[in-house]
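Residue numbers (this note's numbering), protein chains in the order written: chain A, 10 to 387; chain B, 10 to 387.
These are computed hints drawn from the structure, not numbers from a lab.
Computed from a predicted model, the values in this text were never measured in an experiment.
Please note that the accuracy of each hint is not assured.
Note: identical chains are not told apart, hence a pair may lie in one copy or across any two.
Said to hold, decoys possible - Below, simulated DSSO-like cross-link-like pairs (lysine-lysine); rule was C-alpha separation at most 30 Å, straight line:
(1) K83 - K296
(2) K352 - K115
(3) K16 - K114
(4) K296 - K95
(5) K301 - K136
(6) K352 - K83
(7) K83 - K301
(8) K16 - K352
(9) K369 - K352
(10) K136 - K95
(11) K231 - K352
These are the residues of each chain, in order.
Protein chains: 2
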Amino acid sequence: MNFTILKQDSGSLARRGILQTAHGAVQTPVFMPVGTQASVKAMANFELEEMGAEIILGNTYHLNLRPGMELMQKAGGLHAFMNWQKAILTDSGGFQVFSLSKLGKKNRDGIFFQSHLDGSRLFMGPKESMEIQRILGSDIAMVFDECTAWPVSWDEARLSLETTLRWARECRIQPRAEGQLVFGIVQGSTFPDLRRQAVEEIAGMDFDGIAIGGVSVGEPEKSMLEVLDICAPVLPLELPHYLMGVGTPRQLIAGVLRGIDMFDCVLPTRLGRNGSAYTPTGTIPVKAARYKDDFTPIQEDCGCYACRNHTKAYVRHLLHSNEILGARLMTTHNLYYFIQLMKEARQHLEAGTFGSFAEKILQTYPAAKSRPALPEEV
Amino acid sequence: MNFTILKQDSGSLARRGILQTAHGAVQTPVFMPVGTQASVKAMANFELEEMGAEIILGNTYHLNLRPGMELMQKAGGLHAFMNWQKAILTDSGGFQVFSLSKLGKKNRDGIFFQSHLDGSRLFMGPKESMEIQRILGSDIAMVFDECTAWPVSWDEARLSLETTLRWARECRIQPRAEGQLVFGIVQGSTFPDLRRQAVEEIAGMDFDGIAIGGVSVGEPEKSMLEVLDICAPVLPLELPHYLMGVGTPRQLIAGVLRGIDMFDCVLPTRLGRNGSAYTPTGTIPVKAARYKDDFTPIQEDCGCYACRNHTKAYVRHLLHSNEILGARLMTTHNLYYFIQLMKEARQHLEAGTFGSFAEKILQTYPAAKSRPALPEEV
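Bound conformation, chain A alone (with noise of 0.2 Å):
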């Protein structure tokens, strides 16, 4: 097994373990940062490294359409083009093609799209996202599923899930690259029914992991809390289990206490760039007027290149004068903020003092209005 499980939490579902891949091991609960484009946005890998990533995220719709698979083959997949040597995911490009693209008629075998980019006719199916992400060379690749939007029908919902657990079928029986692990997808909306057969048919389909598609994607977080309890308490637990394009510091905690072990999001880096930062005492809108002559850091006592050196006075500067380095200063809090997050979960899921821990995270950080974190923008 690629997964080793180190410690079940008492009183909860969480757990602390060790996923292995063919870029080394990833402890988790584990947050990935996003490398939509080939680079997490604002950052050098170094950088990376010393906050601590081990795993890292790749999409496979943008960086099909650029750099293309072509010159993907050449560089040798993902970790060599962009010289990353730790983990990566790669998405299955299925969020993408239904959220960023114009759609076109969908058959059995995948659907048409047009490039965001240059309106170029594509199709993209199980078989092609698969093949993508085995020239990527990613060390987890996720099936191709459909994500349905928020709100959908029942009926919608149960005809798109019967897709996607046929595609799922099919990616698993694809070629890979050498030691990628692949992972199912559990879509089924917001309906417990769906979600209850969905998981059952991925976790009978023999998956390196299994993960949890179709939240947030507008949905109010209540909505997605019941999904997850729904689908978090029948999810095999030997399996590592990922919750998609999630979240805010409270829905990691709320997600690690389900027993989620992985987690991917936008926002540390997105908001990040618009300016607000992530601190144990909530948000901060570092380009307000209050912290214009504030010269403490944005957190006291963070161990970040950006608190270490830098005062709020000056990254508020930065990011009022459009300057490079306000967006790296306030990427690199962040995510430094949601990889020290889960670093101190490991820690306290060691040390059997979770639970106080994750009280603590979601009382300061209260129940998030419905505000979704859409995928990258490019």
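Put chain B on the given structure of chain A with help from the hints.
This is chain B only, laid out in the frame that chain A set:
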């Protein structure tokens, strides 16, 4: 004296020196990266230090508008504000007032203008400029001068020079920050008699250094070199010589040959962000199609972070995808190249081999077409 000449080249006016400042020694000849708004665009301080930058520029005009001197005073000056521990040179704001802002009436004491940011009406003259630079606490302050456009008539240039010289005298007697050096500026457009008069008068004012201004304002390179050939031989030998806003690698070397010790220019940062990389064999348009699948670094054997870690194909992809990392890597490479070029110049001056080194650079970079490097856009 703050400036020590370690070695005088036997075959030219070139010299190898050290300029002592309140924030450390600066080895000359030196290239100074431009940090217009309290940030060298796309760079963090540690990166500038790693590539060997001992002095950077700050812009009086920009910093006065944003973040403003009330904040700068509270911050304790520009070094503290941006946490840069090495030397800083501030320009006087004169160039920006005349080139960026909407001008109002000029009087004996300065000039009225409107902020390019919000149109607010402001006044700046020698007293105001020196007061701002005192608050900024730069290691080297520049006198507030009038920079004539190009071309200009002899009569206009003469009148303008009169103003510049009167203002220079006033700047010299203004209060300074502790340990702050003040450099005079030679104007006079492309007129030999005015330039000679300017050198003579500025040289008589007991400044800590002497700068040649009013070049790189749109005139052909040939005219700039003619100005240099007029001024350079009559500059006081014991003072550091600074050629403002210049230039290409070729122009830097041409300057060193004429006894220039200090240079600043936005070319490496701005052209870098736009995709042009400087190399020992000339500039490379990294975005060009021919580098699509070029998996070699921008420059073989280059010691910069970009070249040690990434390929042209990857950097090209980042630039085409508007990824911040693309601007970072290009800026890193170009600044490294400019700083390295001056480091090599110093080594060749020490070894007595500067003549042949200079010849090689001048052959690599053919004479530039008129393309002045205007101040860093903001």
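How the hints compare with the structure:
1. K83 - K296: between (43 Å within a copy, 18 Å between copies)
2. K352 - K115: neither (42 Å within a copy, 61 Å between copies)
3. K16 - K114: Answer is neither; intra-copy 47 Å and inter-copy 76 Å both fail.
4. K296 - K95: For K296 and K95, only the inter-copy Cα distance (28 Å) is at most 30 Å; the intra-copy one is 34 Å.
5. K301 - K136: Answer is between; shortest inter-copy Cα gap is 27 Å, intra-copy 53 Å.
6. K352 - K83: Result: close neither inside a copy nor across copies, 36 Å intra and 37 Å inter.
7. K83 - K301: This pair counts as between: shortest inter-copy Cα distance 11 Å, intra-copy 49 Å.
8. K16 - K352: within (14 Å within a copy, 56 Å between copies)
9. K369 - K352: within (15 Å within a copy, 54 Å between copies)
10. K136 - K95: within (26 Å within a copy, 57 Å between copies)
11. K231 - K352: Only inside one copy: K231 and K352 sit 26 Å apart there, 61 Å across copies, limit 30 Å.
Of the numbered hints given earlier, the model fails hints 2, 3 and 6; all others are met.
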